[in-house]
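Visitor: Read top to bottom, the protein sequences are chains A and B.
If you're matching positions, the first sequence starts at 217 in this note's numbering and goes up one per residue.
If you're matching positions, the second sequence starts at 217 in this note's numbering and goes up one per residue.
Be careful, since some hints might not be right.
Identical chains share a label here; the pair holds if one copy fits it or two copies do between them.
[What the hints assert, rightly or not] Dumping the calculated SDA-like pairs for lysine to any residue here, alpha-carbon to alpha-carbon at most 20 Å:
#1 Lys-366 <-> Tyr-288
#2 Lys-400 <-> Gly-303
#3 Lys-394 <-> Gly-522
#4 Lys-222 <-> Leu-390
#5 Lys-366 <-> Cys-484
#6 Lys-448 <-> Gly-303
#7 Lys-402 <-> His-450
#8 Lys-420 <-> Glu-219
#9 Lys-222 <-> Glu-391
#10 Lys-402 <-> Arg-228
#11 Lys-222 <-> Glu-414
#12 Lys-420 <-> Ser-304
#13 Lys-366 <-> Thr-512
Treat the hints as calculated values from the structure; they're not laboratory data.
2 protein chains.
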Amino acid sequence: MPEIRKDPVLNRWIILASERQQRPNDFIAASKKINANVCPFCPGNEKMTPPELFSIPGANGSWKIRIVPNKYPALEGDLPLNPEINGSCERMNGSGRHEVLIETSDHNGTLEKLPPGHLSEIIMAYAARAKEMLKLPFIKYVMIFKNQGKNAGASLAHPHSQLIGIPLPPQRILEEIKGCKAYKEKHGECLFCLLAKEEAALKKRTIAENARFIAIMPYASRFAFETRILPKWHAPKFESINDDEAMDLADIMQKSLSKLSHSIPDLCYNMMIHSSPKEDESGIYHWHMEIMPKLTQVAGFEWGTGFYINTLSPERAAEILNAGEIFRL
Amino acid sequence: MPEIRKDPVLNRWIILASERQQRPNDFIAASKKINANVCPFCPGNEKMTPPELFSIPGANGSWKIRIVPNKYPALEGDLPLNPEINGSCERMNGSGRHEVLIETSDHNGTLEKLPPGHLSEIIMAYAARAKEMLKLPFIKYVMIFKNQGKNAGASLAHPHSQLIGIPLPPQRILEEIKGCKAYKEKHGECLFCLLAKEEAALKKRTIAENARFIAIMPYASRFAFETRILPKWHAPKFESINDDEAMDLADIMQKSLSKLSHSIPDLCYNMMIHSSPKEDESGIYHWHMEIMPKLTQVAGFEWGTGFYINTLSPERAAEILNAGEIFRL
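Please build the complete structure, drawing on both the sequences and the hints.
Guide: What follows is the structure in structure tokens.
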């Protein structure tokens, strides 16, 4: 049973999930856990996953998208949180949900090569599962993310995303909301709405744009090729997305990921959706997607200070992507 | 010339240092930048580094510890910061200092195998250089850190640490000080003093202890084998360390790193010293050292939420280290 522990200095929570250490890994060659011939996410191996929660049928009787509980969950079950304090130590039960969305039956597929309609079905499935999880009273937030490739922390190669339902709103999101609130109080408008307008006018850091979205490399990027996809209209909650909006999001994801994977050989990346927590009805936040290519390691200076050192400006990164240059470290 | 940019959402600063992209790398095999035969930090190649700032003589006319400016600095120079605001974009000049401390003339050495007297001289050299940098009025903090091994973000294999003098106090340290202040106001004592006492009594998460220091795996560890070395007496600023204290710190670092490198094959780690910023004379903070072995990748969930998922409890990690077991992922 996972547990949640609090760091008394930073008031930051960590999840302790010892069972996850047993999960298989396609990328640890020396490990006994590797078994490239048997992928639990490939068609025909459906019995290797916990029972399916949801699927979208594909051609010839198979499925095209499939959602299953994570066999090695970071959080699970419905136990009351039961917070306990013992001296400086504070803990609670690790209740929550952890699901895997298998994006395609093709073991070697990538998001950017899927037909746009298929990608928009994935996006609508994210939203449907998030809404479903948020019906549980104790789930306060659903983090939707994807780890692509070994350097991004993936353990299985078959294309998949993950959804984790958390019993607390995440600190990182609360900090962003705080920033948005402070900005709105001072300047009277939404900071992300302004950013979308500024970048669309400037064009120096834009890598893709369509009617509803803009993909930019943020002015204060922490990492080379860090990408932010912003809705151009103000929308606090991702899960409210409709079919038309999902089509446009699929389009801009495809354009952005195609440029990134063309310019960065063996692209590994993390994708995350940032959205308002369930109980925040203020409408202040502006949901968005982050794509973080992993080219370097976070090192001591970053861990120690919270400052990041980036050696590639977002302006130059956008130029490389837009010109189709190949980037090598 | 490096520049410092502000993330308008999180009020987090990043450093843009494009020249650092040219630095050599021992670990990128495919890169033209690798040249294993010519290490700029080995004796005989002193001319490959910028002019020496400080050194401690070793046997037969050579040096044993050597400090030089970083040839590819993250921050450099003395220009006024000149903050500029343009819409949502805020920047300032990247003035500061970036030095490299070459820990030994032995290319294949490790901190834990150095004679204890040598390691305590490194520690005293950290303190001396930090004090020197802090004399510059615009330097507000000196981050002392070490990246050991490719997975920890090192670019050169020869054992070395780094010191970066920053013109702003780091956000991460300010957050820790905020936590300490809140704790002191509520409970009347220093949280780190309490942690040192609690862990010394409990012994479940302790991996080494001597008269002045205790090395523990924190209760809310983010990563497997995360290690914190705490002074047992209240001391806000690392750079005030004296020779006797440095001998004890060398002793506990050696014990901790020996256990970690025994149990974790091909150990890569980040080491960071957390200390009070120059202008904080409140005495609230308690300096300490963090050692973070790098076994896994930070992935989408962590980046998105600020929550960390750890699959090895600190209690089990301490048990593994204290029993001398070998740990494999």
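Visitor: If a hint holds in the structure, say so; if it doesn't, say that too.
Guide: Going down the list of hints, with the structure as the test:
In this assembly of identical chains, Lys-366 and Tyr-288 lie within 20 Å of each other by CA distance solely inside one copy; the values are 18 Å within and 29 Å between copies. Only between protomers do Lys-400 and Gly-303 lie at most 20 Å apart by alpha-carbon distance; the minimum there is 14 Å, versus 39 Å within a single protomer. For the identical chains of this complex, Lys-394 and Gly-522 are neighbours both inside a copy (18 Å) and across copies (15 Å), given an alpha-carbon limit of 20 Å. In this assembly of identical chains, Lys-222 and Leu-390 lie within 20 Å of each other by CA distance both inside one copy and across copies; the values are 16 Å within and 18 Å between.
For the identical chains of this complex, Lys-366 and Cys-484 are neighbours both inside a copy (7 Å) and across copies (17 Å), given an alpha-carbon limit of 20 Å. With identical chains, the CA atoms of Lys-448 and Gly-303 are at most 20 Å apart between copies only, with a shortest distance of 18 Å across copies and 48 Å within one. Within a single copy, Lys-402 and His-450 get their C-alpha atoms as close as 18 Å, which meets the 20 Å cut-off; across copies the closest is 40 Å, which misses it. In this assembly of identical chains, Lys-420 and Glu-219 lie within 20 Å of each other by CA distance solely across copies; the values are 18 Å between and 45 Å within a copy.
Taking identical chains as interchangeable, the C-alpha atoms of Lys-222 and Glu-391 lie at most 20 Å apart whether they share a chain (17 Å) or sit on different chains (15 Å). In the homo-oligomer, the alpha carbons of Lys-402 and Arg-228 lie at most 20 Å apart only across protomers (18 Å), although the nearest pairing inside one protomer, at 28 Å, exceeds that limit. For a Cα distance limit of 20 Å, the shortest separation of Lys-222 from Glu-414 across copies, 16 Å, qualifies, whereas the shortest one inside one copy, 39 Å, does not. In the homo-oligomer, the alpha carbons of Lys-420 and Ser-304 lie at most 20 Å apart only across protomers (15 Å), although the nearest pairing inside one protomer, at 49 Å, exceeds that limit.
In this homomeric assembly, Lys-366 and Thr-512 come within 20 Å of each other (Cα to Cα) both inside a single copy, at 13 Å, and across copies, at 10 Å.
Comparing the model with each earlier hint shows no violations; every hint is respected.
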